[in-house]
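*Asks:* The primary structure of each chain is shown beneath.
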Amino acid sequence: MSRSAPESPRPGGLRARLVVERPAFRLDVELDVAAGEVVALLGPNGAGKTTALRALAGLAALAGGSIELDGRPLHTLPPEHRPIGVVFQDYLLFPHLSALENVAFGPRCQGASRAEARRVAAALLERVGLAGHASAKPRQLSGGQAQRVALARALAVRPRLLLLDEPLAALDAHTRLETRSRLRRHLTDFEGATVLVTHDPLDAMVLADRLVVIENGAVVQQGTSAEVARHPRTDYVARLVGLNLYRGVADGPEVAVGGVVFSVTERLQGPVFVAFPPASVALYRSRPDGSPRNLWRGRIDGIERYGDNIRVHLDGPITVSADVTPAAVAELDLSPGQEIWAAVKATETHAYPA
Amino acid sequence: MFMRLVRRAVTAPAVVVLVLGAAACGSTGSASPAGADGTAPSPAGDGTLTVFAAASLTGAFTELGRTFEAADPGTSVRFNFGSSATLAQQIVAGAPADVFAAASPATMKTVTDASLASSPAVFARNRLQIAVPADNPAGIDELGDLADAKVKVALCAAQVPCGAAAVKALQAAGLTVTPVTLEQDVKATLTKVTLGEVDAALVYATDVLASGGEVRGIDFPEADKAINDYPIAALTGAPAGSPARRFVDLVLSPQGEDVLTAAGFQVP
Amino acid sequence: MSGRLPWLLLAPALAGMAFLVLPLAGLLVRAPWSTLPARLAEPQVLEALRLSLVTATIATLVCLLLGVPLAWLLARTAFPGRRLLRALITVPLVLPPVVGGVALLLVLGRRGLVGQWLDATFGVSLPFTTAGVVIAEAFVAMPFLVISVEGALRTGDPRFEEAAATLGASRWTVFRRVTLPLIAPGVLAGAVLCWARALGEFGATITFAGNFPGTTQTMPLAVYLALETEPEAAVVLSLVLLAVSVIILAGLRERWVSRI
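Chains as they are written, first to last, in the working numbering: chain A, 332 to 685; chain B, 2 to 269; chain C, 200 to 459.
Just so you know, these hints were derived from the structure itself, not from any lab. On a predicted model such as this, the values are computed, not experimentally measured, just so you know. Treat the hints with care, since some could be wrong.
Which chain C residues face chain A? A few, computed with CB under 7 Å, are given here [stated by the list, open to error]: (1) T289; (2) T354; (3) P357; (4) R358; (5) F359; (6) E361; (7) A362; (8) A368; (9) S369; (10) V377; (11) P380; (12) G450; (13) L451.
No residue lacks a Cβ here, since even glycine has one placed at the ideal position from N, Cα and C.
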């Protein structure tokens, strides 16, 4: 498996190889984040994203590798001596302290006087728009407010590396939208390196400059969100970005995937990926006329609502998701177990080297 | 600390049966021959005889209990050993006792005043000794040594018989002793000596004897002024010839005297 | 609402309450109310009460000072033999207090393993001193505190401590500013249990520290000895001890409830 070429070394930022060993699990990832850059670690549950974040923070012990921040080794330091700020998944605001005291906690630990720490904290609360909630205890804050206090608390220690673990996961859909755009502004303003863990592709694409996809403890793909979305390299990424993805062998304009031959617009040789969106799949009760390319017969495995459309899961030589209109479902009288013909337009399929 | 030993004495060799019969007849003359009335009613019922006795009697009475059971296999003897005062209060509060043997007339009086027993008889006397650790670190030889401020002394609290006796003996000697502790009973006082926590204590000669070689007893003349009488009584309701009466008779018999003397008591 | 009370719970609850409260009622009924003021004015009573309150409070402080870090060690660190240690901590709970007192004598007594050395080196002898009372009470009461605090630590979320560490807090700062405030209710509950147990301590105290008015005679010891000769006085003393402890605990509770 190839990765996009590592970033060339820059003066500031994070360079890390994280090896963490757990019973029946091994994380081994390399991570380069330039100062000012936001990288999202994206991956399914249990992939090792949070473990990677904890390793960066010093909360999980490294079994190997190293962490370098702004040219200085970080992995030799205990968490309290790392110039990091962490926003935890459920924020972990200290329940016995007010919002202001929560934010002032870090500066106090760094040796600031009580007054100075409170001044810094007040300024940060102002910046996240919570100046009026300084004396509120965490349980009196809404989810979105708590998230902002957590961000202010993490920024208050003037970190060179900001770590965010699922910063939006605990929020409801409405709050999430607003909080996401606020968070994006703050991350843009932040001068250090940022690593963000999420399992939500939308969060990753909105917030991050670059995605690093982790599966089973290893990096499977990385690049800008556009690159990753266009050329998924694993089923997980493909599902995430809503594409059908297959591995096949190309011979010029044709790619053989299992028993199906696809015509593609690219001219390639050897192992390739073929990807196409579910909406580009058309379904027929009987074999349509014309080219046998891009055409196969499958069995309906499941039917479910998907937004305004219906998503039909097909089994057969290849498994595929097809999005069709409710009208089409009614017209074709689709039901699970039924045999059906599926076709996809050559112009909608993408092939790229595997 | 309500340390109570409730023991069920085991059956002893049958040899003693004859002795008991003779002893019982000899002491009061009122007891029936042993075994003839094995079914006589006892307040505790079930052929069980319950004896409440002062803790200092533990060794002697346990032995006498075995003797009694051997002579009268139909009756088993249960003991409740403890502080005489506590036992007296338990009896007044309705505890199912058949016989009460106290370490002082005062505690017996609690029971007789409540009309739960009458005409107690003194069956033993206990005199005080100075108990010192086997190596006698403070070099005590007489009561006067206890008044030395450098000597750590444990006494029984004045509320319990051995403490009252100690006060009497010290008064008789005209001594002022400042103890480091006033223990709740004689066994606790003795323990302080056994462990070497104090240099001396005033305890009963019987307790010194029971401690084996761990503690040395030193006699002193003033002890004669503080002799402790041990009264015993069958509790009200026990008819002549009942196990309760027969147990009292056994204690008062020459055989009882032998056992008590062997345990360090004096007999009247 | 009253018709909905589940009898399966309510009946044993009431029985349990009666079981706990009736002996107290017995004391109240039997109390010699007419002679009560005179008995309370006896200097020995006040002396024993003062000694009880002082020693129980100091013992509780000792338990807090040693017990909270011990609970932290048990809850937050891993070391070989930790399970065994946790089991050993409950020993004073299981041990009859008198045996505990004897054990203390064997270690801290004049001829004890450590006591011998204390005596020889510093001329310090703990038995028969007020310090001995505090030690006996702390020995018996400490498990209540340790178990309560360890429980609070275990149910608490250790990630708050991680969050504090990422903010630059040293382990001591984490403990002081995050761990301790978060387990405060558990610590307070443990301290109350500890204090109450120390206040009622009898067996280990009389065995290890002896019984001497003004120095080592606490209320329970006074009650026991009064029982030997004057049961009425014992009832009075018990009532005093009960009343004082109930008033103090209720007063403290008011404060916490209003504060938290």
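*Asks:* Please go over all the hints and tell whether each is borne out by the structure.
*Replies:* Now for the hints, and whether the structure bears them out:
Hint on T289/C is violated. Least Cβ distance to chain A is approximately 30 Å, over the 7 Å limit. A hinted interface residue such as T354/C counts as satisfied when its beta carbon comes closer than 7 Å to some beta carbon of chain A; here the least separation is about 14 Å, so the hint is violated. Restraint check, P357/C versus chain A: the minimum CB separation of about 10 Å is more than 7 Å; hint violated. Interface restraint check for R358/C: the shortest CB-CB distance to chain A comes to about 6 Å, inside 7 Å, so the restraint holds.
The interface hint given for F359/C is met, as the beta carbon of that residue sits about 6 Å from the closest beta carbon of chain A, less than 7 Å. Look at E361/C: its Cβ gets to within about 5 Å of chain A, closer than 7 Å, so that hint holds up. The restraint placing A362/C at the interface with chain A holds, with a minimum CB-CB distance near 4 Å, inside the 7 Å limit. Restraint check, A368/C versus chain A: the minimum CB separation of about 5 Å is within 7 Å; hint holds.
Hint status for S369/C: holds, given a least beta-carbon distance of 6 Å to chain A, under 7 Å. The restraint placing V377/C at the interface with chain A holds, with a minimum CB-CB distance near 6 Å, inside the 7 Å limit. At a threshold of 7 Å, the smallest CB-CB gap from P380/C to chain A is about 4 Å, leaving the interface hint in force. Look at G450/C: its Cβ only gets to about 23 Å from chain A, farther than 7 Å, so that hint breaks.
A least Cβ separation of about 19 Å between L451/C and chain A goes past the 7 Å threshold, and the interface hint is therefore violated.
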